[in-house]
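Participant: Just so we're aligned: the sequence shown equals residues 59 to 176 in this note's numbering.
It is worth saying that the hints were derived from the structure and are not from the lab. Worth double-checking, as some hints may not be accurate.
Computed list of lysine to any residue pairs in SDA-like fashion (alpha-carbon distance at most 20 Å, straight line) [claimed, not checked]:
#1 K152 to E71
#2 K92 to E160
#3 K97 to E61
#4 K97 to E147
#5 K97 to D169
#6 K139 to Q100
#7 K92 to S79
#8 K139 to H111
#9 K89 to F164
#10 K68 to V124
#11 K139 to D161
#12 K92 to V124
#13 K152 to P130
#14 K89 to Y154
#15 K62 to Y98
#16 K92 to W102
#17 K97 to A112
#18 K139 to W66
#19 K89 to H111
Note that this is a predicted model, so its numbers are computed, not measured.
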Amino acid sequence: MAEKQYNWHKIAEAETELSMSDSHIAVIEVKGRKICVGKYQQEWFGFAYKCPHAGGIMADGYIDAVGNVVCPLHRYKFSVKNGRNTSGEGYYLKTYPIEQREDGLFFGLPDNGLFGLW
Numbered sequence: 059m060a061e062k063q064y065n066w067h068k069i070a071e072a073e074t075e076l077s078m079s080d081s082h083i084a085v086i087e088v089k090g091r092k093i094c095v096g097k098y099q100q101e102w103f104g105f106a107y108k109c110p111h112a113g114g115i116m117a118d119g120y121i122d123a124v125g126n127v128v129c130p131l132h133r134y135k136f137s138v139k140n141g142r143n144t145s146g147e148g149y150y151l152k153t154y155p156i157e158q159r160e161d162g163l164f165f166g167l168p169d170n171g172l173f174g175l176w
């Protein structure tokens, strides 16, 4: 199976440009859609703005000590690395790659979205 291809979008010249909350999560907009960007153990992660369970705003949650983003509504937990639900409810949170490069921070948008959807 071929490796996923991404279109990379610059989201900041430096991480200091992002409005990070106390919980280490920022909201950005890429192609008209809100996405959350989080930092855990010096690594960047991108994930969906809303929880797949009940639509809670993930930026209002937090990243816990083991690297799960926690929804503020019902405390469902998702791995920031792969979006898997770690609290046992069976949901999946969409994740996106984030790259920190010399010339800034970049968000990876999948190149193969069906009808341009992602």
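Participant: Next step is simple, just say for each hint if it's right about the structure.
Facilitator: Comparing the hints with the structure gives:
About 25 Å separates the Cα atoms of K152 and E71, which puts this hinted pair outside 20 Å; it is violated. A threshold of 20 Å between alpha carbons decides the hint, and for K92 with E160 the separation of about 25 Å lies outside it, so the pair is violated. Distance restraint check for K97 and E61: the Cα-Cα separation of roughly 24 Å exceeds the 20 Å cut-off, and the hinted pair is therefore not satisfied. Taken as a hint, the K97 and E147 pair is broken in the structure, with Cα atoms around 24 Å apart against an allowance of 20 Å.
This hinted pair does not check out: K97 and D169 have alpha carbons roughly 24 Å apart, beyond 20 Å. Distance restraint check for K139 and Q100: the Cα-Cα separation of roughly 13 Å lies within the 20 Å cut-off, and the hinted pair is therefore satisfied. In summary, the hint linking K92 to S79 is supported, as the alpha carbons are separated by about 15 Å, within the 20 Å threshold. Of the pairs offered as hints, the one joining K139 and H111 holds, with about 19 Å between alpha carbons and a cut-off of 20 Å not exceeded.
Distance hint between K89 and F164 is fulfilled; the C-alpha atoms sit about 13 Å from each other, no more than 20 Å. Proximity of K68 to V124 is assessed by CA-CA distance (about 28 Å); at most 20 Å being required, the pair is judged violated. Of the pairs offered as hints, the one joining K139 and D161 is violated, with about 23 Å between alpha carbons and a cut-off of 20 Å exceeded. At most 20 Å may separate the alpha-carbon atoms for a hinted pair to count; K92 and V124 exceed this at roughly 25 Å.
Using a Cα cut-off of 20 Å, the hinted pair K152 and P130 holds, with the two alpha carbons roughly 17 Å apart. Restraint check: the Cα-Cα separation between K89 and Y154 comes to about 14 Å, which is no more than 20 Å; the hinted pair holds. For the given pair, K62 sits about 23 Å from Y98 by alpha-carbon distance, which is inconsistent with the 20 Å threshold. Between the alpha carbons of K92 and W102 the distance comes to roughly 16 Å, so the proposed pair stays at or under 20 Å and holds.
Under the criterion of a C-alpha separation no larger than 20 Å, the hint pairing K97 with A112 is inconsistent with the structure, at around 24 Å. With a C-alpha separation of about 18 Å, the suggested pair K139 and W66 falls inside the 20 Å cut-off, and the hint holds. Under the criterion of a C-alpha separation no larger than 20 Å, the hint pairing K89 with H111 is inconsistent with the structure, at around 24 Å.
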